[in-house]
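Peer 1: Here are the chains, one letter per residue:
Number of protein chains: 2
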Amino acid sequence: MRILVLGGDGFCGWPAALHLSQLGHDVGIVDNLSRRRIDEELGTDSLTPIRTPQERLAAWTDATGRTIDFHEVDIAQDYEGFVALLSQTRPEVVVHFAEQRAAPYSMKSPTHKRYTIDNNVNATHNVLSAIVESDLDVHLVHLGTMGVYGYGTAGMRIPEGYLDVKVPGEDPDGNATGELLDQTMLYPTNPGSIYHMTKVLDQHLFAFYAKNDKLRITDLHQGIIWGTHTEETQLDERLINRFDYDGDYGTVLNRFLMQAAVGYPLTVHGTGGQTRAFIHIQDMVRCIAIAVDNPPAGGEKVKIFNQMTETHRVRDLAELICEISGASLELVPNPRQESAENDLYASNRTFLDLGLEPTTLSSGLLQEVEETARRYADRADQSKIPATSLWTEAQAVGAPTRIAETA
Amino acid sequence: MRILVLGGDGFCGWPAALHLSQLGHDVGIVDNLSRRRIDEELGTDSLTPIRTPQERLAAWTDATGRTIDFHEVDIAQDYEGFVALLSQTRPEVVVHFAEQRAAPYSMKSPTHKRYTIDNNVNATHNVLSAIVESDLDVHLVHLGTMGVYGYGTAGMRIPEGYLDVKVPGEDPDGNATGELLDQTMLYPTNPGSIYHMTKVLDQHLFAFYAKNDKLRITDLHQGIIWGTHTEETQLDERLINRFDYDGDYGTVLNRFLMQAAVGYPLTVHGTGGQTRAFIHIQDMVRCIAIAVDNPPAGGEKVKIFNQMTETHRVRDLAELICEISGASLELVPNPRQESAENDLYASNRTFLDLGLEPTTLSSGLLQEVEETARRYADRADQSKIPATSLWTEAQAVGAPTRIAETA
Ligand SMILES: NC(=O)c1ccc[n+]([C@@H]2O[C@H](COP(=O)([O-])OP(=O)(O)OC[C@H]3O[C@@H](n4cnc5c(N)ncnc54)[C@H](O)[C@@H]3O)[C@@H](O)[C@H]2O)c1
Ligand SMILES: NC(=O)c1ccc[n+]([C@@H]2O[C@H](COP(=O)([O-])OP(=O)(O)OC[C@H]3O[C@@H](n4cnc5c(N)ncnc54)[C@H](O)[C@@H]3O)[C@@H](O)[C@H]2O)c1
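Protein sequences appear in the order of chains H and Y. Residue 249 in UniProt numbering is what sits at position 249 of the first sequence, and the numbering runs on without skipping anything. Residue 55 in UniProt numbering is what sits at position 55 of the second sequence, and the numbering runs on without skipping anything.
The hints are simulated quantities; they were obtained by calculation from the structure and are not laboratory data. The hints are all genuine.
It does not matter which identical chain is used: a pair holds within one copy or between any two.
Computed list of lysine-lysine pairs in DSSO-like fashion (alpha-carbon distance at most 27 angstroms, straight line):
1) 166 - 301
2) 108 - 214
3) 108 - 301
4) 108 - 211
5) 108 - 384
6) 301 - 211
7) 214 - 301
This structure is a prediction, so every number in the text was calculated from the model and none was measured.
Taking the hints into account, I'd like the entire structure generated from these sequences.
Peer 2: Below is the structure:
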């Protein structure tokens, strides 16, 4: 199939593009390289030595004989350019990773909040509007987040996107009828940051375009990715994927791995009692391929899958890594506005039923510590590890916290 | 109180600003005059001869001795300018009317869809971010729409913003526990246009800022406004309010009045079976004043009131006006994607309990036909009455419809 991967230069988009190309799809990458510019803004860099898009793509052709096109387009700002690209490439599938995705970065300052809203909402809406305008029968696969669900609800499991409820009936004057009416609705959201909120807004944009224009849309509510390598990125060192360990973009598990590798104590927020959903990067690329192979029919509501394989309490993860690596653990104040402890039970039936065989933390962690964190530890700038983004002005009064988890 | 009225040059904002000024508040208007430029773009004009902001404001001082400041700022584009204005004027209340508000205009073309999303989302988010950044304890009053609820649900009354439901309990493995858990959530939305969808997105922005930053926010889910004059706009003809009758901005009742006045048949969509919620413009300004006087406490969730006083089926309205005016009625295809017939029962307890005494359609309609529609009928350009905005490409194949209702 002809597939455009938006955000295909990023942490998820790059290995996903390679995997889809390896499976024989005709893949093009669209990216405005904003993530690389944000590294410059923050004075950070990937722990792993990622190459320029041109070098990466040449290496892919060297390694496999396959080619992937690269299009430098800002999908939030250059609508006309994106419409022209659609008409020219006529994709059957568009996989949309192209958003600002770090929660701490989205809370850093008014400028960062506004950039995240503006970039993410306009990117997603431009993609939808352009598909309608192009009149192509595109299947849009979007990367959402488990974070839209908030942090779990006592006594129930988080379903895949939609919630079945019973609504107490009322007559026109507002008197209870005693009836309980069945209704299905988007799961009510409780986003923990501006970044997460943009994914809530995306959901509503999708629901509207699926209804009004009969667009075929799959929204993947993804857990926190861990790991760096996939089968394809390991074919040549020039194909290596990015590994973020800084306080803004480093996701919790990858930061723990890096801290362990450089002998920095693993810093856990509050009691570390927050439960999060995880998925290995190799499973993520497989899920994308499965989603591409299982599009919704036209005129259906948006298909929503939970793309995660395990849930863990943050302090359990930290302890696991301390055990493997001999690192120590330190508790620091939480920069986020959230409950100290939460449970999280979520359904991920769809991907399991479609054949996903999860890589478990217990099997993959040690390899990751050795092959990535220790191997590139000399490239680490330890001063970039602390989390400096706070959720509210009020928190600025307290001591600066060292680490924020990123989902 | 010091009050900034964003969008204070518009159909609702202008009479609201005058009313708040008349009540003794210290009022400033912020507007980028985009609505006047859209009239130029569409080749339309208000039926009533509205004056420039400067003339209007001078007339207000002549008539009452009171002054209202005017600030030409684009709140979606000029964030820094808006922050500076907040710090300089230090308002206690901000009333936010400043969005693109016509459903048909928002569906006209990809450019109009994208403008509506970009303008409305960034306007609302900038206001929220600027309030946090300014560190002022502002009460934000926002104009939302009854349209976020979709078009009603059989067997229940639409509550004010939040829905109480029962969720079937599940154990961590997804087996039913038989328990029914109580939950309160934002009423699930089903917006009928890109414009309405921006109000859905606004709701989520408000919920986040109320939670994360403890902002005090009231969101008024307003019905379709009818009527033109308020006590204050009638003090001097130079204070006259705008009256839109074109296919994009003319709201259903005002367009019917104009059609009746110029002897054009009242064009009703489909069977005219859609039920809509209405409120007279005089009641709207009173509701704003009531909302200003009843702010939520900090740290509370967003206060949501339904700002409407009557619901009517569109064909019943048309028949009522035909009766009053002797006009005839014509059924035309519906340009919208919606069910042909719907019921709509909604609660509006809060405003009634706070003392609102509604102006009823039966008492105000005749006056409106005579004092506005007939009086300025010679200014009407009948070629602008037809609705030309279609909801989907597919509809372009059918005959062009003449009138779209605007909410
Ligand atoms: N990494 C995770 O743990 C995780 C978890 C859940 C969901 N996700 C979602 O997956 C997607 C990809 O995440 P990631 O970790 O690969 O992030 P990333 O920042 O590494 O990649 C995003 C890519 O999109 C590009 N981009 C951003 N805005 C763009 C625009 N306007 N036009 C063109 N390109 C643009 C960036 O340059 C970058 O290459 C995101 O939408 C994210 O929300 C990621
Ligand atoms: N008119 C109705 O029947 C109705 C019904 C329900 C809700 N509402 C809501 O009430 C509000 C006001 O509606 P209206 O009928 O007065 O619309 P209007 O178009 O007459 O007024 C809106 C005003 O906001 C200004 N504006 C728009 N974007 C701006 C920006 N970025 N910066 C500064 N100013 C900007 C416009 O110039 C205009 O003067 C809207 O939010 C609308 O959604 C109206």
